[in-house]
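Undergrad: Chain by chain, the residues run as shown.
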Amino acid sequence: MNYKNIVFLRIKILIGFFALIFLLLLISFNNVIAQNDYPTDDQVNAIAKELYCPVCENTPLDVCPTQACAQWRALIKEKLIAGWSKEEIKQYFVDQYGDRVLAQPPARGLNWLVYILPPVVFVGGIVVVYLNLKKIKKSSEKVVQVSNNNNDKYLKEMEEALNVLNNEEDLS
Amino acid sequence: MENSHTEEPKNPKKLPRWAIIAAFVVLLGFLALMGWGLKNAQQGPVQEGQKVPPFELTTFDGSKIKTEDLLGKVVVINFWASWCKPCEQEASELEEAWQYYKDSGEVVFLGVDYVDTETEAMGYLEKFNITYPNGPDLRTAISQIFRISGVPETYIIDRNGKLASRKIGPFVSISEITSMIDSALNQ
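So the protein lines, in turn, are chains A and B.
Just so we're aligned, residue 475 is where the first sequence starts under our numbering, counting upward by one.
Just so we're aligned, residue 699 is where the second sequence starts under our numbering, counting upward by one.
Calculated from the structure, these hints are not laboratory results.
Just so we're clear, the structure is a prediction, and the values are computed from it rather than from any experiment.
Just so you know, even glycine gets a beta-carbon here, dropped at the ideal spot from N, CA and C.
Be aware that one or more of the hints could be misleading.
27 Å max Cα-Cα, derived DSS-like pairs, lysine-lysine [unchecked claim]:
no., chain 1, residue 1, chain 2, residue 2
1, B, Lys825, A, Lys553
2, B, Lys783, B, Lys771
3, B, Lys712, A, Lys608
4, B, Lys762, A, Lys553
5, B, Lys712, A, Lys553
6, B, Lys771, A, Lys551
7, B, Lys749, B, Lys771
8, B, Lys712, A, Lys611
9, B, Lys762, A, Lys564
10, A, Lys609, B, Lys712
11, A, Lys612, B, Lys771
12, B, Lys712, A, Lys551
13, B, Lys712, A, Lys616
Now the in silico label distances, taken between C-beta atoms and shown as ranges [stated by the list, open to error]:
no., chain 1, residue 1, chain 2, residue 2, range
14, B, Ser881, A, Pro513, 50 to 60 Å
15, B, Gly821, A, Val588, 18 to 28 Å
16, B, Lys825, A, Arg574, 26 to 36 Å
17, A, Asn519, B, Lys825, 27 to 37 Å
18, A, Val601, B, Gly760, 51 to 61 Å
19, A, Gly599, B, Pro752, 44 to 54 Å
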């Protein structure tokens, strides 16, 4: 084997080695991509936070410690892997377990009262307070005005009486 | 001298009559709504001897079963869930009871899976070799009819569609199940 052949062989080995490293990197890169597609617990909890446990009372799904809730969180993960959107998952939960799983009741039927009553009562309260304050201010202004008028008349009478007295003293 | 202290501010303007009536109507409406909600909340479960409202169960394999179509037969409705440990105590006994009655054609078993996930529910059915029709309690519509307080609960409906008996909690033996069903059959 001459020198030229040895060099070619070494070059071939080097190329093979780099090709192997490149393939290994490619495989691990693909794995990284696949892992990124897998939903994290934070992504699952972001949806679970907006849902309530249908069994336990007033417990959001993201913090519920029961086995049933763990199953529902796993179900959210399954749906996310299957490519479902947040709204689709929430709708699935509503279809399965009813409206009570929603943290915010849907705005339909009697549920409208939940959204309408508080602002209406709040605005009504502000109007009543404003009208009463206005009324109190008006009546206090009237009292001041009346009392000012009374003082003026009284002072006038007093001044007249004093003038009369002064005049009488001067004459005497 | 003029008596200025007799001057009084005029009476404040009263609210219009329509506003007062409207306020009372809103208040009464709100009270009626609260009363209605309270009445619903306090309404107890279907009592024994009472007609059970009709409902439809969509099974896991997609078939629909209407209780109206089951008149003339005794219907055993069992509420369960895969996450419910006490349900596992009675699962095998219920299947055994079903095997005992199924050939007679006089008794129908329906399993209602209460707020569960399908994968785990199917695993549960497979684990206990349950063969009678089972389906999810969609939107908890069926459990609301019976106002169940938990799982497992079992309701036995007689041939006339009236509630014959109920069992809150798991059955402890197959004889307990059969005695309740036999009693409904003999009514």
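Undergrad: Using the beta carbons of valine 601(A) and glycine 760(B), state whether their distance is inside 51 to 61 Å or not.
TA: 56 Å, holds
Undergrad: Confirm or reject the claim that lysine 825(B) and arginine 574(A) have a C-beta distance inside 26 to 36 Å.
TA: Since lysine 825(B) and arginine 574(A) have Cβ atoms about 29 Å apart, the given range 26 to 36 Å holds.
Undergrad: Given the hint that lysine 712(B) pairs with lysine 551(A), test it: the Cα-Cα distance must not exceed 27 Å.
TA: 62 Å, violated
Undergrad: Taken at face value, is the distance from the CA of lysine 712(B) to the CA of lysine 609(A) at most 27 Å?
TA: 12 Å, holds
Undergrad: Is the Cα-Cα distance between lysine 762(B) and lysine 553(A) 27 Å or less?
TA: 26 Å, holds
Undergrad: Does lysine 611(A) sit within 27 Å of lysine 712(B), going by the straight-line distance between their CA atoms?
TA: Cα-Cα ~17 Å, so holds.
Undergrad: For the pair supplied as a hint, lysine 762(B) and lysine 564(A), confirm whether the alpha-carbon distance does not exceed 27 Å.
TA: Judged against 27 Å, a Cα distance of about 25 Å means the pair holds.
Undergrad: Return holds or violated for the Cβ distance of glycine 599(A) and proline 752(B) against the range 44 to 54 Å.
TA: 47 Å, holds
Undergrad: Within a Cα-Cα threshold of 27 Å, do lysine 771(B) and lysine 551(A) meet the stated pairing?
TA: Distance ~42 Å between lysine 771(B) and lysine 551(A) Cα, so the pair is violated.
Undergrad: Hey, lysine 825(B) versus lysine 553(A), does the alpha-carbon distance stay inside 27 Å?
TA: Holds, at roughly 24 Å.
Undergrad: Does the Cβ-Cβ separation between glycine 821(B) and valine 588(A) fall within 18 to 28 Å?
TA: 38 Å, violated
Undergrad: Against the range 50 to 60 Å, how does the distance between the Cβ atoms of serine 881(B) and proline 513(A) compare: consistent or not?
TA: 52 Å, holds
Of the numbered hints given earlier, the model fails hints 2, 5, 6, 11, 12 and 15; all others are met.
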